[in-house]
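K.L.:
These protein sequence lines are chains V and C, in that order. If you want our numbering, it's the 1-based position in the first sequence plus 604. If you want our numbering, it's the 1-based position in the second sequence plus 85.
Worth double-checking, as some hints may not be accurate.
[What the hints assert, rightly or not] As a list, the in silico SDA-like pairs of lysine to any residue whose alpha-carbon atoms are at most 20 Å apart:
hint, chain 1, residue 1, chain 2, residue 2
1, C, Lys-150, V, Lys-624
2, C, Lys-151, V, Pro-850
3, V, Lys-624, V, Ala-666
No lab work stands behind these hints, which were simulated from the structure alone.
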Amino acid sequence: MSSEPALMSLTAVAQAIAQKRLSSREVTQSCLDRIAQWQPRLNAFMAIEPEAALEAADVADAALARGQNSGALHGVPLAHKDMYYEAGKVVTCGSHIRRDFVATSTSTALQRLKDAGTIRLGSLQMAEFAYGPTGHNAHYGAVHNPFGIDHITGGSSSGSGSAVAARLTFAALGSDTGGSIRMPAHFCGVTGLKTTVGRISRAGAMPLSQSLDTVGPLARSAEDCALLTGLMAGADPNDPTAVAGPPPDYATATREPIKGLAIGIPSGFYVDDLDPDVARILDATVETLKRAGAEIVQVELPDQRQLTAACQLVLAVEAAAFHKRWLIERPQDYGPQVLMRLQNGLAIPGVLYLEAMRWRGPALAAHLAAVAGVDAVIAPVAPVAAPTIAESDVGNGPDAEAVIQRLTRFTRPINYLGLPSLAIPAGFTGKGLPVGMQLIGRSFDEAVLLRIGAAFQRATDFHQRVPVLS
Amino acid sequence: MTKPTAKQIWAIAAVGGVPVNPDVAERIANSIGPAFEGFAPVAGTLPFDLEPAVFILVQGAENLKKAAT
Chain V
605 MSSEPALMSL TAVAQAIAQK RLSSREVTQS CLDRIAQWQP RLNAFMAIEP
655 EAALEAADVA DAALARGQNS GALHGVPLAH KDMYYEAGKV VTCGSHIRRD
705 FVATSTSTAL QRLKDAGTIR LGSLQMAEFA YGPTGHNAHY GAVHNPFGID
755 HITGGSSSGS GSAVAARLTF AALGSDTGGS IRMPAHFCGV TGLKTTVGRI
805 SRAGAMPLSQ SLDTVGPLAR SAEDCALLTG LMAGADPNDP TAVAGPPPDY
855 ATATREPIKG LAIGIPSGFY VDDLDPDVAR ILDATVETLK RAGAEIVQVE
905 LPDQRQLTAA CQLVLAVEAA AFHKRWLIER PQDYGPQVLM RLQNGLAIPG
955 VLYLEAMRWR GPALAAHLAA VAGVDAVIAP VAPVAAPTIA ESDVGNGPDA
1005 EAVIQRLTRF TRPINYLGLP SLAIPAGFTG KGLPVGMQLI GRSFDEAVLL
1055 RIGAAFQRAT DFHQRVPVLS
Chain C
86 MTKPTAKQIW AIAAVGGVPV NPDVAERIAN SIGPAFEGFA PVAGTLPFDL
136 EPAVFILVQG AENLKKAAT
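Generate the whole structure from the sequences, applying the supplied hints.
P.N.:
Quick look at the structure:
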């Protein structure tokens, strides 16, 4: 056991508390100590609630002493992206507009984690209304990358990526509409699961695009993501899009070997024009998976540029529709880049939006046919490691769209198809910045992704590297 | 399909109830141009009997396949 409880994995710390080898207070205090050290450098937290967290930890410890264990995460302190409604709490959504918004209900995903025994450390920073891929926020400042303070975290789950990487929280909820879990996972060196559309209820999660939004975890390992996803997945009367039926046993899946699984590697779109470090790490990842027993197969995917474009059309229109009232009444209260992107949706004709929605079925069928012979596809999350905050702080200037497009190029097609994708830390650049790879699965097959991710993490230690406070 | 001009965007936004000034319309035209161009091979080619819910059907078939294994 580590001398610093905050450095343990979610799975390990939950077991340590349940077995009374550690108290929830000791664990919570350890997280709070690290938050006090790192927060001034990272700006990862939106709100920190030390007194309430310690009080809740004492309640959890007292309950355990009486033999009352509330669930798989009894007494484990966590913090989440500040867009999950929790009754009675301010939920800013990273915005000025909702700076004082107090939720009156609790999101299903969050409630299920609370029911499993988690306690709240505070809330995490994010891109304004989850509409930004870099980690900049015009109202609350940029979130910083623990592996390179001058570099971006990626967004929109910027605080989640930064805080999990720095071991300030054992895991965090993010959301992924165009890459918002996978990019922070990639840039910050943590594991992030974008779930299939419909796998986890979105009730009580701030909406950005009803067709594309997904809820998922960022954590330190595939095993930890499996634990969280298993707790959150399943039908929900408050969200008719959440699929019925019991979710698979993800935790068991992470312990299975990958011998005999086929992993596809696409050509063209996902491998052209990569930064040399990313290309090198992709090759090394494929070799590691091969050594672990996977069969590597070349796959030819349909034109991904058309999927990217369709994703943009759907996202832009749905986001503009959600925000229309505020675009009329409070345009001055948005940051410049978010306002710019929301305004984009105003210019897309209804027929074009519906064509993009109608094409989704055939596009998914074509993709599934192209990957019929493989269990998953591997691809980079982004063509580059984390750029600096300065070079990517483009606001609403002429370069803004190009920067956004470059960062989200490999993630958006997956959102349009509604597929699951697991981002795993796969290596580091010469400058010490993390690089992640994404494993893309078939609809509702998160289990195979977690299985491959866990096998990769048994063979490597990239996910265990802890950033050092300079 | 061609990308809309700034003038067309100005009109669409005004009809939609959120008017924008000409500078913003120009910026939007540049910003969304690549999405229009990228989707151009698909736009106007879809068969008559295709509706958005087909996506749910394709996805659901995958889920049933998973459940059966």
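K.L.:
Against each hint, give a clear statement of whether it holds in the structure.
P.N.:
Here's how the hints hold up against the structure:
1. C:Lys-150 x V:Lys-624: violated, 42 Å
2. C:Lys-151 x V:Pro-850: Holds, because 12 Å separates the two Cα atoms, which is no more than 20 Å.
3. V:Lys-624 x V:Ala-666: Holds, because 11 Å separates the two Cα atoms, which is no more than 20 Å.
The structure does not agree with numbered hint 1 stated previously, though it agrees with all others.
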